[in-house]
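K.L.:
Sequence:
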Amino acid sequence: MTFPDRQPASGTGNNRNNRDDRDIELHDPDGRRERGFAATKGRPPVENRTATASYQEWGPVAQATHNEIARLQNAYLADQAAAVAALARLRRGAGKPPHQVPDLWGLLDTSPLYEADGLKDREADLVRAENAFHLALTLWALHQQSRGERMHLSGTSRELGAAVRQIKGAEDPGGPVRKRFVRLGSSRTLEELSDRLRELVSLLRRDSIPLDYALLAQQIYRWQRPAARDMVRGSWGRSYQAHQPKNSATTDFGTDPKDAQ
1 MTFPDRQPAS GTGNNRNNRD DRDIELHDPD GRRERGFAAT KGRPPVENRT
51 ATASYQEWGP VAQATHNEIA RLQNAYLADQ AAAVAALARL RRGAGKPPHQ
101 VPDLWGLLDT SPLYEADGLK DREADLVRAE NAFHLALTLW ALHQQSRGER
151 MHLSGTSREL GAAVRQIKGA EDPGGPVRKR FVRLGSSRTL EELSDRLREL
201 VSLLRRDSIP LDYALLAQQI YRWQRPAARD MVRGSWGRSY QAHQPKNSAT
251 TDFGTDPKDA Q
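Each residue of the sequence shown is one higher than the one before, counting from 1 in the numbering used here.
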């Protein structure tokens, strides 16, 4: 399947609507900011491989997602009871919209979304931001379950398409992995997108393949705007095509109309 190409990012003027396209340095990547999970006494600090990440075309959704996952991920890998319990609650909300999971209300720090200049006082944008933040966090919790290494990592090989291409069996153009990825690209509602992302994340977890959840959150946020949907699909498809597994030849995956049903 060939997704439409992503269009170049808009300029970095003073228009608030373009804020999510600006280059933003993600703060507190090491989870040093205290938000309820204190460092475990007697344990060495957990290295955070996303600490030096510098993201482009990002906004408050990506920043909030990265900071919150980094905080929880550090605590979970340090085997802190509060973090283990939090991830168990988050997993129960995987693939569900925030309003359907009251148990998660107040569990995550969403204050950066409400304080962001590009989101505050803009109800529609805030709803999209909360949806993306919630979906990314719950999918990550599912992905991280019983894994002793970080399942949220940054890098070009961690974008959704590139990560999916690393799943066992993805090299088969007629196989189930690619078909699930094609179905994801044909999603028409957030509910469909959530369900299909959960299917793919389950496969990523099985094969212990990390994903950049901050990038995914920003893409989900933008995907909810119909005008930006093709741009997000294009990025997913392009990263899938660009990542070539070891010992595999380049293959042109054309779109089969039956795959998009």
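Derived from the structure by calculation, the hints contain no laboratory data.
Predicted model only: the values in this text are computed from it and were never measured.
The beta carbon of each residue, even a glycine, is placed where N, CA and C say it ideally should be.
Hints are not guaranteed to be accurate.
As the list claims (entries may be wrong) - So the derived label-pair ranges between C-beta atoms look like this:
1) Lys168 to Ala242: 32 to 40 Å
2) Val84 to Asp172: 19 to 27 Å
3) Glu149 to Ala242: 44 to 52 Å
4) Glu191 to Lys120: 22 to 30 Å
5) Arg122 to His99: 12 to 20 Å
6) Ser186 to Ala85: 35 to 43 Å
7) Tyr114 to Gly148: 31 to 39 Å
8) Gln100 to Pro173: 32 to 40 Å
9) Leu190 to Ser111: 22 to 30 Å
10) Ser208 to Gln244: 30 to 38 Å
11) Asp121 to Ala88: 31 to 39 Å
12) Pro173 to Arg122: 36 to 44 Å
13) Leu107 to Ala227: 15 to 23 Å
K.L.:
Hint by hint, note whether the structure agrees.
P.N.:
Hint-by-hint comparison with the structure:
1. In this structure the hint that Lys168 and Ala242 lie 32 to 40 Å apart at CB is violated, the actual value being about 19 Å.
2. Take Val84 and Asp172: their Cβ atoms lie about 37 Å apart, and the range 19 to 27 Å is violated.
3. Roughly 24 Å separates the CB atoms of Glu149 and Ala242, a value that falls outside the hinted 44 to 52 Å.
4. A hinted range of 22 to 30 Å for the beta carbons of Glu191 and Lys120 is consistent with their spacing of about 27 Å.
5. Distance hint for Arg122 and His99: a CB-CB separation of about 19 Å, consistent with the stated range 12 to 20 Å.
6. At roughly 37 Å, the beta carbons of Ser186 and Ala85 sit within the given window of 35 to 43 Å.
7. Checked against the given bound of 31 to 39 Å, the beta carbons of Tyr114 and Gly148, roughly 34 Å apart, stay inside it.
8. Taking 32 to 40 Å as the suggested C-beta distance range, the pair Gln100 and Pro173 conforms, at roughly 36 Å.
9. Checking the proposed 22 to 30 Å range against Leu190 and Ser111 shows it holds: the Cβ atoms sit about 23 Å from each other.
10. Checked against the given bound of 30 to 38 Å, the beta carbons of Ser208 and Gln244, roughly 20 Å apart, lie outside it.
11. The given range of 31 to 39 Å is respected by Asp121 and Ala88, whose C-beta atoms sit roughly 35 Å from each other.
12. The hint said 36 to 44 Å for the Cβ distance between Pro173 and Arg122, and at roughly 42 Å that hint holds.
13. The hint said 15 to 23 Å for the Cβ distance between Leu107 and Ala227, and at roughly 32 Å that hint is violated.
In summary, the numbered hints that this structure violates are 1, 2, 3, 10 and 13.
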